[in-house]
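Trainee: The listed protein sequences derive, respectively, from chains A and B.
Here the first sequence stands for residues 320 to 524, where the numbers follow my numbering.
Here the second sequence stands for residues 320 to 524, where the numbers follow my numbering.
Among the clues, some could well be false.
You can't tell identical chains apart in this list, so a pair holds if it fits in one copy or across any two.
Think about it this way: if two alpha-carbon atoms lie no more than 25 angstroms apart in a straight line, the pair counts; the simulated DSS-like pairs of lysine-lysine are [what the hints assert, rightly or not]:
{"id": "1", "residue 1": "321", "residue 2": "373"}
{"id": "2", "residue 1": "452", "residue 2": "479"}
{"id": "3", "residue 1": "321", "residue 2": "371"}
{"id": "4", "residue 1": "373", "residue 2": "343"}
{"id": "5", "residue 1": "373", "residue 2": "342"}
{"id": "6", "residue 1": "479", "residue 2": "329"}
{"id": "7", "residue 1": "449", "residue 2": "479"}
{"id": "8", "residue 1": "373", "residue 2": "361"}
{"id": "9", "residue 1": "343", "residue 2": "479"}
{"id": "10", "residue 1": "371", "residue 2": "452"}
{"id": "11", "residue 1": "321", "residue 2": "452"}
{"id": "12", "residue 1": "329", "residue 2": "371"}
{"id": "13", "residue 1": "361", "residue 2": "343"}
{"id": "14", "residue 1": "321", "residue 2": "343"}
{"id": "15", "residue 1": "361", "residue 2": "342"}
{"id": "16", "residue 1": "371", "residue 2": "479"}
{"id": "17", "residue 1": "321", "residue 2": "479"}
{"id": "18", "residue 1": "321", "residue 2": "342"}
What the hints contain is simulated information worked out from the structure, not anything from laboratory work.
Here are the chains, one letter per residue:
2 protein chains.
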Amino acid sequence: MKFPSSTIEKVVEQLSRFPGVGKKSALRMTMFLLNDDEEDVKRMADSIVELKTKTTFCETCGNVSDAPQCSVCTSVNRNRNLICVVRDFQDIISLENTGQYSGVYHVLGGLISPMDGVGPDDLTISALLKRVKEQEVDEVVLALSANMEGDTTSFYLARKLEALNVRVSAIARGIAVGGELSYADEITLGRSIQHRTPYKTSFDR
Amino acid sequence: MKFPSSTIEKVVEQLSRFPGVGKKSALRMTMFLLNDDEEDVKRMADSIVELKTKTTFCETCGNVSDAPQCSVCTSVNRNRNLICVVRDFQDIISLENTGQYSGVYHVLGGLISPMDGVGPDDLTISALLKRVKEQEVDEVVLALSANMEGDTTSFYLARKLEALNVRVSAIARGIAVGGELSYADEITLGRSIQHRTPYKTSFDR
Numbered sequence: 320m321k322f323p324s325s326t327i328e329k330v331v332e333q334l335s336r337f338p339g340v341g342k343k344s345a346l347r348m349t350m351f352l353l354n355d356d357e358e359d360v361k362r363m364a365d366s367i368v369e370l371k372t373k374t375t376f377c378e379t380c381g382n383v384s385d386a387p388q389c390s391v392c393t394s395v396n397r398n399r400n401l402i403c404v405v406r407d408f409q410d411i412i413s414l415e416n417t418g419q420y421s422g423v424y425h426v427l428g429g430l431i432s433p434m435d436g437v438g439p440d441d442l443t444i445s446a447l448l449k450r451v452k453e454q455e456v457d458e459v460v461l462a463l464s465a466n467m468e469g470d471t472t473s474f475y476l477a478r479k480l481e482a483l484n485v486r487v488s489a490i491a492r493g494i495a496v497g498g499e500l501s502y503a504d505e506i507t508l509g510r511s512i513q514h515r516t517p518y519k520t521s522f523d524r
Numbered sequence: 320m321k322f323p324s325s326t327i328e329k330v331v332e333q334l335s336r337f338p339g340v341g342k343k344s345a346l347r348m349t350m351f352l353l354n355d356d357e358e359d360v361k362r363m364a365d366s367i368v369e370l371k372t373k374t375t376f377c378e379t380c381g382n383v384s385d386a387p388q389c390s391v392c393t394s395v396n397r398n399r400n401l402i403c404v405v406r407d408f409q410d411i412i413s414l415e416n417t418g419q420y421s422g423v424y425h426v427l428g429g430l431i432s433p434m435d436g437v438g439p440d441d442l443t444i445s446a447l448l449k450r451v452k453e454q455e456v457d458e459v460v461l462a463l464s465a466n467m468e469g470d471t472t473s474f475y476l477a478r479k480l481e482a483l484n485v486r487v488s489a490i491a492r493g494i495a496v497g498g499e500l501s502y503a504d505e506i507t508l509g510r511s512i513q514h515r516t517p518y519k520t521s522f523d524r
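Extracted from the complex, chain A is given alone in its bound form (with noise of 0.2 angstroms):
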């Protein structure tokens, strides 16, 4: 693509490294920044350099926050006996936004995968094992997606945790809530018959 200013091309250059933008939706996304506000655009990338230079990693699970500690771990209405696995903050945030859960998280960092070389020590597992056996735990909740990965890392876990004499739980799979039952594949349909729950007629869940 050749562009009439080489600093727009330096502009559709550097959006196009987001994952998923290419060179025409980078374009876009410069066009609307040389229509935008001086002021705002100024803004933008102020916003994009504080990123890196204010945030950091939470001591006590490596959630991201402004603080040595984070929101979650520093909240007194939060469950400290009650951890759950997760592989990277954004699935926090997926969690939080459920607002189901009250118990704190810890952050792996990663999968267990040979295939990309990924071992258990790469991943802040000693870190986990540390607080369950430092701290009073009661569970363990282990919230990883349900591919090869995520179940190998689980199983690893679920291993080492029950050694540590604390409950090892996982989050429920099945049919998403409003799913179709005949477009779901089979292995999920399986583990939701297999893992099935008690109905409940009254609301006193």
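Dock chain B against chain A, hints included.
Mentor: Here is chain B on its own, set in the frame of chain A:
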């Protein structure tokens, strides 16, 4: 959506201002920046700011440019007797990438649209007519989108230009009706400028 860090919230808010970028995409882009090298992030932010401080618009044709005259208008290889009328500079990039056009351009800055309150006086039409009057122009090619606004604008321009005794043509309708110029593939767009046809203001075609 709740965020674990106000810095992240600010970046997501800023990035979701881009057209076609929602909160989830913005979060994915933010994740990418968080994992990116600090130097690279700074380079991206700087390029965005430079876009507003370093670019200007060509005094002759309205194309985006690093100098008072754009690279097309200052090129010795371009035919100044042939002017292609486009909506915005993004269309110039698309046409330049076909490699099929050797004339110069004129950016209208929009299309006539009574619904949006855009009339002929809001566009650079008088500047175009001045160029045609003052220079030796053989032909004006109308390269506007094949939709209501584009057709209205083409019709208006053709009437005005015919009064100046200049040949008026339009890019071939190889482009799907209702299609945006910037989304067309290069071959279709290249052919459509090669096979431009005389523009008719009467309906005896």
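Trainee: Hint by hint, say whether it matches the structure.
Mentor: Against the structure, the hints:
With identical chains, the CA atoms of residue 321 and residue 373 are at most 25 angstroms apart between copies only, with a shortest distance of 18 angstroms across copies and 37 angstroms within one. Within a single copy, residue 452 and residue 479 get their C-alpha atoms as close as 11 angstroms, which meets the 25 angstroms cut-off; across copies the closest is 83 angstroms, which misses it. Taking the shortest Cα distances, residue 321 and residue 371 sit within 25 angstroms of each other only across copies (20 angstroms), while inside one copy they are farther apart (32 angstroms). Taking the shortest Cα distances, residue 373 and residue 343 sit within 25 angstroms of each other only across copies (22 angstroms), while inside one copy they are farther apart (32 angstroms).
In the homo-oligomer, the alpha carbons of residue 373 and residue 342 lie at most 25 angstroms apart only across protomers (21 angstroms), although the nearest pairing inside one protomer, at 30 angstroms, exceeds that limit. Proximity of residue 479 and residue 329 under a CA criterion of 25 angstroms is satisfied in neither setting, with 49 angstroms inside one chain copy and 39 angstroms between copies. For the identical chains of this complex, residue 449 and residue 479 are intra-copy neighbours only, at 11 angstroms inside a copy versus 80 angstroms across copies, given an alpha-carbon limit of 25 angstroms. Proximity of residue 373 and residue 361 under a CA criterion of 25 angstroms is satisfied in both settings, with 17 angstroms inside one chain copy and 13 angstroms between copies.
For the identical chains of this complex, residue 343 and residue 479 are neighbours neither inside a copy (48 angstroms) nor across copies (34 angstroms), given an alpha-carbon limit of 25 angstroms. Within a single copy, residue 371 and residue 452 get their C-alpha atoms no closer than 33 angstroms, and across copies no closer than 55 angstroms, so neither meets the 25 angstroms cut-off. For the homomeric pair residue 321 and residue 452, neither the shortest alpha-carbon distance inside one copy (60 angstroms) nor that between copies (31 angstroms) is at most 25 angstroms. Taking CA atoms no more than 25 angstroms apart as the test, residue 329 paired with residue 371 passes in both settings, with 21 angstroms inside one copy and 13 angstroms between copies.
Taking identical chains as interchangeable, the C-alpha atoms of residue 361 and residue 343 lie at most 25 angstroms apart whether they share a chain (23 angstroms) or sit on different chains (23 angstroms). When the C-alpha separation of residue 321 and residue 343 is checked against a cutoff of 25 angstroms, the pair qualifies only within one copy, where the shortest distance is 12 angstroms, while the shortest distance between copies is 31 angstroms. In this assembly of identical chains, the alpha carbons of residue 361 and residue 342 lie at most 25 angstroms apart whether taken from the same copy (22 angstroms) or from different copies (20 angstroms). Neither within a single protomer nor between protomers do residue 371 and residue 479 lie at most 25 angstroms apart by alpha-carbon distance, with minima of 35 angstroms and 55 angstroms respectively.
With identical chains, the CA atoms of residue 321 and residue 479 are never at most 25 angstroms apart, being 56 angstroms at best within one copy and 32 angstroms at best between copies. For the homomeric pair residue 321 and residue 342, the shortest alpha-carbon distance inside one copy (11 angstroms) is at most 25 angstroms, but the shortest distance between copies (31 angstroms) is not.
Consistency note: the structure conflicts with the earlier hints numbered 6, 9, 10, 11, 16, 17.
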